[in-house]
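Q: Residues per chain, in single letters:
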Amino acid sequence: MLGEFEYVLITAAAGLGDNAYGAAIREEIEATTGRRCSLGALYTTIDRLEAKGLLTTWMSDATPQRGGRAKRMVKVTPKGVGAAKDFYEAITRVSRGASWVVNRGGFAS
Amino acid sequence: MTNSGWVLVEVAARLLARDEREAVLGDLVESGESAWRGVPDVFGLALRRQALLWKSWRPWLAAFGLTLPSSFLLMGASLSVSSAYQRVFVTRVAGGISMSPGGLWVLACGAVLLMAWSWTGGFLVGALSRRTLWASALLCISPCFFCLTRFRIESLSRLCLLLFLVPAISGVCQGVRLIHLKSRVALALAVTATTLMVLMWSSGGFQVLNLMLMWPAWYIAATARNSGNTAG
Chain L
1 MLGEFEYVLI TAAAGLGDNA YGAAIREEIE ATTGRRCSLG ALYTTIDRLE AKGLLTTWMS
61 DATPQRGGRA KRMVKVTPKG VGAAKDFYEA ITRVSRGASW VVNRGGFAS
Chain P
110 MTNSGWVLVE VAARLLARDE REAVLGDLVE SGESAWRGVP DVFGLALRRQ ALLWKSWRPW
170 LAAFGLTLPS SFLLMGASLS VSSAYQRVFV TRVAGGISMS PGGLWVLACG AVLLMAWSWT
230 GGFLVGALSR RTLWASALLC ISPCFFCLTR FRIESLSRLC LLLFLVPAIS GVCQGVRLIH
290 LKSRVALALA VTATTLMVLM WSSGGFQVLN LMLMWPAWYI AATARNSGNT AG
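These protein sequences, in sequence, are chains L and P. Going by my numbering, the first residue of the first sequence is number 1, and it counts up by one from there. Going by my numbering, the first residue of the second sequence is number 110, and it counts up by one from there.
In case anyone wonders, no lab produced these hints; they're calculated from the structure. No experiment lies behind these values; they were computed from the predicted model shown. We treat Cβ as the ideally placed atom computed from N, Cα and C, and that holds for glycine. Any given hint might turn out to be false.
[Stated by the list, open to error] With a cut-off of at most 35 Å between alpha-carbon atoms, the simulated DSBU-like pairs for lysine-lysine come out as follows:
#, chain 1, residue 1, chain 2, residue 2
1, L, K75, P, K164
2, P, K291, L, K52
3, L, K75, L, K52
4, L, K85, P, K164
5, L, K75, L, K85
6, L, K79, P, K164
7, L, K52, P, K164
8, L, K85, L, K52
9, L, K79, L, K52
10, P, K164, P, K291
[To be verified] For each label pair, taking beta carbons as the anchor points, the in silico distance ranges come out as:
#, chain 1, residue 1, chain 2, residue 2, range
11, L, G67, P, Q195, 58 to 66 Å
12, P, A297, L, G67, 48 to 56 Å
13, P, T304, L, S38, 54 to 62 Å
14, P, L257, L, E4, 49 to 57 Å
15, P, R123, L, R48, 18 to 26 Å
16, P, R240, L, G68, 22 to 30 Å
17, P, S279, L, D47, 28 to 36 Å
18, P, W145, L, D61, 27 to 35 Å
All chains should be modelled from the sequences, with the hints used to inform the complete structure.
A: The structure is reproduced here in structure tokens:
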């Protein structure tokens, strides 16, 4: 099963679609979780997920807004989508009945 | 980001692989981060990368199993070759002592063995630990420095201790580039070195500890055979 940060990263990359690369994923993670995401955590996790076959990465062409530097583009593989889905379902199952989970009426039980 | 801050970030980024450096520096430019956040970020990534490399047995074997003990032994072998050279040539020219007939043979065998041991050791270190070579280099320099400061033989130069460095560095350079070594060549190297060592043994110029210097040659021969034609 995925780790929490791995799930967050895959979800952010999947949400960004064709625009998923290091800086964009990092910004997305920081905006949605409210936590700082270090470059070390980001890139070592990307490598780990790529080694597991859950992501593929490649270097794009250099762009002027990045000082002529290339981007490391990220794409979630079907296996990655499956792993994220499994993680989400497991978390949903285990959270059922927890006091902090919002019920269908929109109120915390 | 200020210019000086950017220089610091670029220096730190040199610790990363080329593609990763490109991506990381581009990310920092794009997000407009301060140097105070960029420098520790880049150092952190480089540190994580190094830590991941040390999860493998290869850098440990190269640094502590090969470089550290071999450096001491190869300095001993270098000294031995230098002494043999002095006995054969320097003393002879001075006309003091008559040269023993086996002196030249011991010198030649010792010199070839020293080169073979140093080259194979260096090659293996380079092939096993390309990205952790700094640790192996440190573990070679430390014993050298230790022995150089304690060298007390007046008739020989201190630099005699470092004779092994030339073939060792050449081996490291070829190991790092993963030069292809044909299995027959690797095997011939290992057999020749072992034969010379046995011959040295019979002529009394051999120490049991030097057996430790043989395994890199056989390791290279074994891996060259197993993987087709590459060593390491």
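Q: Next step is simple, just say for each hint if it's right about the structure.
A: Against the structure, the hints:
1. L:K75 to P:K164: Holds, at roughly 27 Å.
2. P:K291 to L:K52: Holds, because 34 Å separates the two Cα atoms, which is no more than 35 Å.
3. L:K75 to L:K52: holds, 13 Å
4. L:K85 to P:K164: Within the cut-off at roughly 30 Å; holds.
5. L:K75 to L:K85: Holds, because 16 Å separates the two Cα atoms, which is no more than 35 Å.
6. L:K79 to P:K164: holds, 26 Å
7. L:K52 to P:K164: The hint holds at about 17 Å.
8. L:K85 to L:K52: Measuring from Cα to Cα gives roughly 16 Å; hence the hint holds.
9. L:K79 to L:K52: Holds - the C-alpha atoms of K52 (chain L) and K79 (chain L) are around 9 Å apart, at most 35 Å.
10. P:K164 to P:K291: holds, 30 Å
11. L:G67 to P:Q195: 58 to 66 Å: Check passed, 60 Å falls within 58 to 66 Å.
12. P:A297 to L:G67: 48 to 56 Å: holds, 52 Å
13. P:T304 to L:S38: 54 to 62 Å: Cβ of T304 (chain P) to Cβ of S38 (chain L): about 56 Å, so the range 54 to 62 Å holds.
14. P:L257 to L:E4: 49 to 57 Å: holds, 53 Å
15. P:R123 to L:R48: 18 to 26 Å: holds, 24 Å
16. P:R240 to L:G68: 22 to 30 Å: For G68 (chain L) against R240 (chain P), whose Cβ atoms are near 26 Å apart, the range 22 to 30 Å holds.
17. P:S279 to L:D47: 28 to 36 Å: holds, 33 Å
18. P:W145 to L:D61: 27 to 35 Å: holds, 30 Å
Taken one by one, the earlier hints all hold for this structure without exception.
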